[in-house]
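Using the sequences and the hints, build the whole thing.
Note that the protein sequences, when read in sequence, are chains U and P. For the first sequence, numbering that gives the first Met the number 0 assigns the number 0 to the initial residue and increments by one for each residue that follows. For the second sequence, numbering that gives the first Met the number 0 assigns the number 0 to the initial residue and increments by one for each residue that follows.
Note that these hints are calculated values from the structure, not bench results. Here the structure is a predicted model, which means the values were calculated and not measured. Glycine residues also receive a C-beta, built at the ideal position from the N, C-alpha and C atoms. Don't take every hint at face value.
Claimed, not checked - Every beta carbon over 10 Å from chain P, so not counted as near; a handful from chain U, in silico:
id, residue
1, R3
2, F12
3, D120
4, I137
5, E178
6, L198
7, E248
8, E265
To be verified - Using C-beta positions, here's what the derived DEER-type ranges look like:
id, chain 1, residue 1, chain 2, residue 2, range
9, U, K15, P, Y197, 29 to 39 Å
10, U, E56, P, V191, 46 to 56 Å
11, P, R148, U, W243, 51 to 61 Å
12, P, R151, U, G110, 10 to 20 Å
13, U, P174, P, V146, 22 to 32 Å
14, P, V191, U, E202, 49 to 59 Å
15, U, P141, P, V146, 27 to 37 Å
What the hints assert, rightly or not - In silico DSS-like pairs for lysine-lysine, Cα to Cα no more than 30 Å straight-line:
id, chain 1, residue 1, chain 2, residue 2
16, U, K222, P, K177
17, U, K1, U, K246
18, P, K269, P, K15
19, P, K15, P, K48
20, U, K177, P, K15
21, P, K272, P, K212
22, P, K6, P, K222
23, P, K177, U, K78
24, U, K177, P, K222
25, P, K147, U, K177
26, U, K147, P, K6
27, P, K48, U, K177
28, U, K246, U, K269
29, P, K177, U, K6
30, U, K212, U, K6
31, U, K147, P, K177
32, U, K15, P, K177
33, U, K6, P, K147
34, U, K78, U, K64
35, U, K212, U, K222
36, U, K6, U, K272
37, U, K6, U, K269
38, U, K128, P, K177
39, U, K177, P, K128
40, U, K177, P, K64
2 protein chains.
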Amino acid sequence: MKIRLAKNSGFCFGVKRAINMAEDASARYPETVTLGPIIHNPQMVQRLKDRGIVPVESIEDIGSKPVIIRSHGITRGLKEELDNLQLPIIDATCPYVASSQQYVTQLSREGFPIVIVGNRDHPEVVALKSYVEGESYIISNPREIPVKRFIRLAVISQTTQSIENLQDIVTALIPCTKELRIINTICSATSVRQESSYLLARESDLMIVIGGKNSSNTRMLFKICQSMVETYLIETSEEFDSTWLEKKENIGLTAGASTPDWIIVEVYNKILKCLGNEQHSISSVEEIPGNKEE
Amino acid sequence: MKIRLAKNSGFCFGVKRAINMAEDASARYPETVTLGPIIHNPQMVQRLKDRGIVPVESIEDIGSKPVIIRSHGITRGLKEELDNLQLPIIDATCPYVASSQQYVTQLSREGFPIVIVGNRDHPEVVALKSYVEGESYIISNPREIPVKRFIRLAVISQTTQSIENLQDIVTALIPCTKELRIINTICSATSVRQESSYLLARESDLMIVIGGKNSSNTRMLFKICQSMVETYLIETSEEFDSTWLEKKENIGLTAGASTPDWIIVEVYNKILKCLGNEQHSISSVEEIPGNKEE
Chain U
0 MKIRLAKNSG
10 FCFGVKRAIN
20 MAEDASARYP
30 ETVTLGPIIH
40 NPQMVQRLKD
50 RGIVPVESIE
60 DIGSKPVIIR
70 SHGITRGLKE
80 ELDNLQLPII
90 DATCPYVASS
100 QQYVTQLSRE
110 GFPIVIVGNR
120 DHPEVVALKS
130 YVEGESYIIS
140 NPREIPVKRF
150 IRLAVISQTT
160 QSIENLQDIV
170 TALIPCTKEL
180 RIINTICSAT
190 SVRQESSYLL
200 ARESDLMIVI
210 GGKNSSNTRM
220 LFKICQSMVE
230 TYLIETSEEF
240 DSTWLEKKEN
250 IGLTAGASTP
260 DWIIVEVYNK
270 ILKCLGNEQH
280 SISSVEEIPG
290 NKEE
Chain P
0 MKIRLAKNSG
10 FCFGVKRAIN
20 MAEDASARYP
30 ETVTLGPIIH
40 NPQMVQRLKD
50 RGIVPVESIE
60 DIGSKPVIIR
70 SHGITRGLKE
80 ELDNLQLPII
90 DATCPYVASS
100 QQYVTQLSRE
110 GFPIVIVGNR
120 DHPEVVALKS
130 YVEGESYIIS
140 NPREIPVKRF
150 IRLAVISQTT
160 QSIENLQDIV
170 TALIPCTKEL
180 RIINTICSAT
190 SVRQESSYLL
200 ARESDLMIVI
210 GGKNSSNTRM
220 LFKICQSMVE
230 TYLIETSEEF
240 DSTWLEKKEN
250 IGLTAGASTP
260 DWIIVEVYNK
270 ILKCLGNEQH
280 SISSVEEIPG
290 NKEE
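If you want it as structure tokens, here you go:
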């Protein structure tokens with residue numbers, strides 16, 4: 000039996016950076032808070048909590064502790080409120096997300112109504128919309144396009160959207176406006192990870208997707224793999240069920256952008272254990288064949 | 000038997016304007032020249048020639064006569080040469096085409112490589128390209144997209160392209176660049192005329208497309224109608240063949256943006272004559288049922 004991990008699995012640049020910034024902060028301050036979960040991975044959030052980095056839901060719960068801004072960013076209004084509190088702020092907003100925020104501010108100042116391609120409830124999209132200084136529309140598919148004729152229109156995407164959806168929406172927008180300005184803010188880490196997972200799923204008879212069930216990009220990996228082969232989405236090794244291995248030869252693993260390496264390692268070792276092969280247990284994700292360094 | 004004319008057939012705004020300007024010029028000057036045919040309709044060009052408005056192929060043939068710039072525009076270099084001759088210039092460039100020229104200059108000055116969607120040999124495209132001050136690509140379909148990664152890219156279209164082709168090309172360009180700026184320079188007269196012809200062809204068992212065989216938008220009308228019903232493209236009533244009418248009940252007529260009304264009237268009267276119905280001959284295009292005023 001072969002067990003392989005899709006290339007580019009696990010932490011993306013923005014998540015890695017946010018976790019590093021949080022850990023640095025916890026070394027400087029006895030207790031810090033994050034406004035909302037810093038990333039969409041409950042286990043990592045719990046591990047940080049154990050180190051004194053506590054997620055809170057609202058600005059009222061901060062007290063006088065230093066605040067870490069989550070990787071998905073926060074609204075402009077909330078950022079201003081935070082600034083007024085004059086507490087230490089550690090801004091762990093993913094630089095790609097921050098760049099999207101700058102684009103929508105700049106383009107709406109130039110007079111472009113903004114179309115945001117994304118899920119209206121996702122914290123990244125909620126924050127992004129708050130940076131628009133004028134007309135804006137959040138749409139997740141071509142059917143939601145406003146019935147209206149525009150002179151100019153700008154399109155920005157949630158970083159974890161699929162390029163196909165962006166293409167479909169742009170196609171439908173072309174007849175609606177004289178000028179259409181598209182900033183492709185889809186993170187390349189997202190598409191690269193999706194492609195690697197797709198390629199591995201094609202050669203596997205079981206796929207295990209590891210990641211937060213609240214993680215948009217993890218759920219997208221699940222959707223891609225599930226369309227091709229028997230697939231399970233698990234947050235931790237405890238959810239793994241040994242009966243899934245029956246009659247399987249090629250096991251593929253993949254993990255979302257917010258899944259820490261130690262959870263991937265635990266899942267791999269759990270599979271080895273189920274196979275009675277514990278002597279080959281590993282301690283780092285780099286030891287898994289077909290891993291991200293390949 | 001019913002004979003109907005597609006709505007919006009015949010001269011578009013830009014052609015009407017160019018012909019008016021040429022006729023005004025011929026009233027002021029005993030002889031004028033146009034650089035290339037003023038519009039893509041040989042019969043109208045011949046009629047103007049009879050009034051002393053003579054098309055010439057190159058700047059050397061102008062002599063000292065006043066020059067009319069054709070509706071499709073001319074290259075920037077040629078315009079500069081003309082200016083140096085210090086002759087009277089009547090610029091009959093379609094204002095929509097002139098606007099496209101301004102867009103490519105402005106966008107290329109802002110650092111955007113320019114993609115021109117169109118036919119590289121068409122005079123409008125040749126002229127448009129000359130206004131680019133930097134990198135540019137002329138492509139007529141998605142397969143011609145350059146294999147290259149861009150930071151920014153602007154897209155401009157020949158005014159008579161189909162929106163579907165523009166959409167296909169934009170879809171293929173999205174993954175190639177961070178920023179994509181599209182100016183939809185497709186003339187609405189083109190799409191409106193195509194749609195009316197399509198609707199009439201759907202209800203006809205014979206379509207006659209009237210217009211210059213060198214006219215890009217006329218050929219497009221022919222292609223659309225031909226895909227649905229028996230269709231002929233003719234430049235004048237002389238090309239009409241009475242055998243086409245056998246067993247037909249609903250005859251549809253349509254005409255390109257450069258087809259003068261008098262040719263449409265002649266074709267209509269020729270059909271009446273073939274039907275032995277000459278007593279109902281008409282003298283203006285407004286008398287044809289389903290005409291452009293409807």
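Would U/E178 pass as off the interface with chain P, using Cβ distances and a cut of 10 Å? violated (5 Å)
I want to verify a distance hint. Is the separation of the beta carbons of U/E56 and P/V191 within 46 to 56 Å? holds (54 Å)
For the pair supplied as a hint, U/K6 and P/K147, is the alpha-carbon distance within the 30 Å limit? holds (24 Å)
Within 30 Å, alpha carbon to alpha carbon, are U/K177 and P/K15? Given that 30 Å is the threshold and the Cα spacing comes to 23 Å, the pair holds.
Beta-carbon spacing of U/P174 to P/V146 - inside the hinted bounds 22 to 32 Å or not: holds (28 Å)
Is it true that the C-beta distance of U/P141 to P/V146 lies inside 27 to 37 Å, as the hint says? Because 28 Å falls inside the window, the suggested range holds.
Pair hint outcome, P/K177 versus U/K78 [Cα-Cα no greater than 30 Å]: holds (27 Å)
Would the pair U/K78 and U/K64 pass a check requiring their Cα atoms to be no farther apart than 30 Å? holds (15 Å)
Could you tell me whether the CB distance from U/K15 to P/Y197 stays inside 29 to 39 Å? About 55 Å separates the Cβ atoms of U/K15 and P/Y197, which means 29 to 39 Å is violated.
For U/K246 and U/K269, compute the direct alpha-carbon distance and say whether it is at most 30 Å. holds (18 Å)
Reported absence of U/L198 from the contact zone with chain P (all CB gaps over 10 Å): Answer for U/L198: holds, closest chain P Cβ roughly 17 Å.
Is the hinted pair U/K147 and P/K6 satisfied, with a Cα-Cα distance of at most 30 Å? holds (25 Å)
In this structure, the hints that do not hold are numbers 5, 9, 11, 27, 40, in rising order.
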